[in-house]
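Participant: Okay, here's what each chain looks like letter by letter:
Number of protein chains: 2
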Amino acid sequence: MTGRCRWAEEYLEYRFHDPALLEQALTHRSASACNNERLEFLGDALLSFAVARELYDRNPAEQEGNLSRLRSSLVKGVTLAEIGREIEVASQIILGQGEHGTGGAQRDSILANVVEAILGAVLLDGGFEAAGALVIRLFSDRFEQLPDANSLKDAKTKLQEWIQARGLVLPVYKVKSVSGVPHRQSFVVVCDVKDVSSTVEGRGQSRRQAEQNAAEQMLSKLDSDDR
Amino acid sequence: MTGRCRWAEEYLEYRFHDPALLEQALTHRSASACNNERLEFLGDALLSFAVARELYDRNPAEQEGNLSRLRSSLVKGVTLAEIGREIEVASQIILGQGEHGTGGAQRDSILANVVEAILGAVLLDGGFEAAGALVIRLFSDRFEQLPDANSLKDAKTKLQEWIQARGLVLPVYKVKSVSGVPHRQSFVVVCDVKDVSSTVEGRGQSRRQAEQNAAEQMLSKLDSDDR
Numbered sequence: 007m008t009g010r011c012r013w014a015e016e017y018l019e020y021r022f023h024d025p026a027l028l029e030q031a032l033t034h035r036s037a038s039a040c041n042n043e044r045l046e047f048l049g050d051a052l053l054s055f056a057v058a059r060e061l062y063d064r065n066p067a068e069q070e071g072n073l074s075r076l077r078s079s080l081v082k083g084v085t086l087a088e089i090g091r092e093i094e095v096a097s098q099i100i101l102g103q104g105e106h107g108t109g110g111a112q113r114d115s116i117l118a119n120v121v122e123a124i125l126g127a128v129l130l131d132g133g134f135e136a137a138g139a140l141v142i143r144l145f146s147d148r149f150e151q152l153p154d155a156n157s158l159k160d161a162k163t164k165l166q167e168w169i170q171a172r173g174l175v176l177p178v179y180k181v182k183s184v185s186g187v188p189h190r191q192s193f194v195v196v197c198d199v200k201d202v203s204s205t206v207e208g209r210g211q212s213r214r215q216a217e218q219n220a221a222e223q224m225l226s227k228l229d230s231d232d233r
Numbered sequence: 007m008t009g010r011c012r013w014a015e016e017y018l019e020y021r022f023h024d025p026a027l028l029e030q031a032l033t034h035r036s037a038s039a040c041n042n043e044r045l046e047f048l049g050d051a052l053l054s055f056a057v058a059r060e061l062y063d064r065n066p067a068e069q070e071g072n073l074s075r076l077r078s079s080l081v082k083g084v085t086l087a088e089i090g091r092e093i094e095v096a097s098q099i100i101l102g103q104g105e106h107g108t109g110g111a112q113r114d115s116i117l118a119n120v121v122e123a124i125l126g127a128v129l130l131d132g133g134f135e136a137a138g139a140l141v142i143r144l145f146s147d148r149f150e151q152l153p154d155a156n157s158l159k160d161a162k163t164k165l166q167e168w169i170q171a172r173g174l175v176l177p178v179y180k181v182k183s184v185s186g187v188p189h190r191q192s193f194v195v196v197c198d199v200k201d202v203s204s205t206v207e208g209r210g211q212s213r214r215q216a217e218q219n220a221a222e223q224m225l226s227k228l229d230s231d232d233r
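Chains as they are written, first to last, in our numbering: chain A, 7 to 233; chain B, 7 to 233.
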């Protein structure tokens, strides 16, 4: 048995029938044309589905929006990179010369992609049941300690719900100005809540960021006015 | 057997063990608190995974980016609504009074959501194999006639590839101005390709749209300069 297969048995509790699939899942595109990018595509889809299924079963009273938010919090890159560190996968990754020198195996994006590719490899090697079971094992602590789904709502959603709960007219966002050099542009967005005659400005490096920032400020303004 | 179960046997070639699941999948939120929104969340995830798996198997030489583009073209709302029409699902949808009057059952968004919810219901009723097989049946013609994945690339991607193929410096996009009332704002973006001293302006209702528009114009400019 190869060292990588031994690693998989220990950390994934899975024995590969075809070790070449495991090797491919661990191979970054900097090392070979036969790399993990296609397996990552497959594993990403398997992961989203397996997590959706588990959340659906575990949260029978939760609405679709909250299920989506919970899933996003679980399958995002930084969580996958954490899992990559928990299973100590960095030492198994096959990188090209350039990436090796710069410590690529510890980069969040490379770790996250490898975790997804491993799921794709187990799917091809052992079938849907085996791959789904691996997702549940890798995420078991996180499924046990799910965050409050409402706390995951972004500022615009929270503001919208605050407004709707009081039967007011929804907030309006408008880009006021854009400045700065490409890739470092700064957006200023005005948020206007008509029924309370309240206007604030938000800033950010994208329109979306500036809108969220404006919504945050509007929420704290409305909260303090409420007192 | 209920009329809806007969419809499912004819158009889905699937017999429900639990007809209540089918009924829930067909129930819009305007009609009942026990509606199809949670099933839609589940079916959407199943659909993305089943399509990813099928595309992976059918296109062994295709790169990740092209597989993603092919999948997006298959699982987008307008395609799902088309499938909803093919299986004549509109007549089976359960709507509240308001939506009924306005012809809601023919709306793309409602049709697409119902198709996803049906997939979720089959998953719960018959398991993963049954639901995966239904995806393949519903999409079989589309899998046989996949578009050329390269044709699905957006203008920014095409421009980037054009530039990279010639070893030039990548294009730079910059928002020049934003005008108009909220929800109908108009963005002007400048696209600059340094190595060919070429600059164009694109317009759109979002930053993204304006960037795509600018990339299109730059592409046709570069193409005509090439001749």
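These are computed hints drawn from the structure, not numbers from a lab. Note that the structure is a prediction, hence the values are computed from the model and not measured. Each hint should be verified, as a subset may be incorrect.
Since copy identity is lost for identical chains, a pair holds within one copy or between any two.
Said to hold, decoys possible - Here are the simulated lysine-lysine pairs, DSSO-like style, with alpha carbons at most 27 Å apart: (1) 82 <-> 182; (2) 227 <-> 82; (3) 82 <-> 200; (4) 82 <-> 159; (5) 162 <-> 182; (6) 162 <-> 180; (7) 227 <-> 182; (8) 159 <-> 227; (9) 180 <-> 159; (10) 82 <-> 162; (11) 200 <-> 162; (12) 227 <-> 200.
Participant: Now tell me, hint by hint, if it's right for this structure.
Facilitator: Checked hints:
In this homomeric assembly, residue 82 and residue 182 never come within 27 Å of each other (Cα to Cα): the closest approach is 32 Å inside a single copy and 33 Å across copies. Taking the shortest Cα distances, residue 227 and residue 82 never come within 27 Å of each other, neither inside one copy (31 Å) nor across copies (39 Å). Within a single copy, residue 82 and residue 200 get their C-alpha atoms no closer than 36 Å, and across copies no closer than 35 Å, so neither meets the 27 Å cut-off. In the homo-oligomer, the alpha carbons of residue 82 and residue 159 lie at most 27 Å apart both inside one protomer (15 Å) and across protomers (25 Å), since each shortest distance falls under that limit.
With identical chains, the CA atoms of residue 162 and residue 182 are at most 27 Å apart both within one copy (18 Å) and between copies (26 Å). In this assembly of identical chains, the alpha carbons of residue 162 and residue 180 lie at most 27 Å apart whether taken from the same copy (13 Å) or from different copies (26 Å). For the identical chains of this complex, residue 227 and residue 182 are intra-copy neighbours only, at 20 Å inside a copy versus 31 Å across copies, given an alpha-carbon limit of 27 Å. For the identical chains of this complex, residue 159 and residue 227 are intra-copy neighbours only, at 18 Å inside a copy versus 44 Å across copies, given an alpha-carbon limit of 27 Å.
In this homomeric assembly, residue 180 and residue 159 come within 27 Å of each other (Cα to Cα) only inside a single copy, at 21 Å, whereas the closest approach across copies is 30 Å. When the C-alpha separation of residue 82 and residue 162 is checked against a cutoff of 27 Å, the pair qualifies both within a copy, at 20 Å, and between copies, at 25 Å. In this assembly of identical chains, residue 200 and residue 162 lie within 27 Å of each other by CA distance solely inside one copy; the values are 16 Å within and 38 Å between copies. Taking the closest pair of Cα atoms, residue 227 and residue 200 come within 27 Å of each other only inside a single copy of the chain (14 Å); across copies the shortest separation is 45 Å, beyond that limit.
In this structure, the hints that do not hold are numbers 1, 2 and 3, in rising order.
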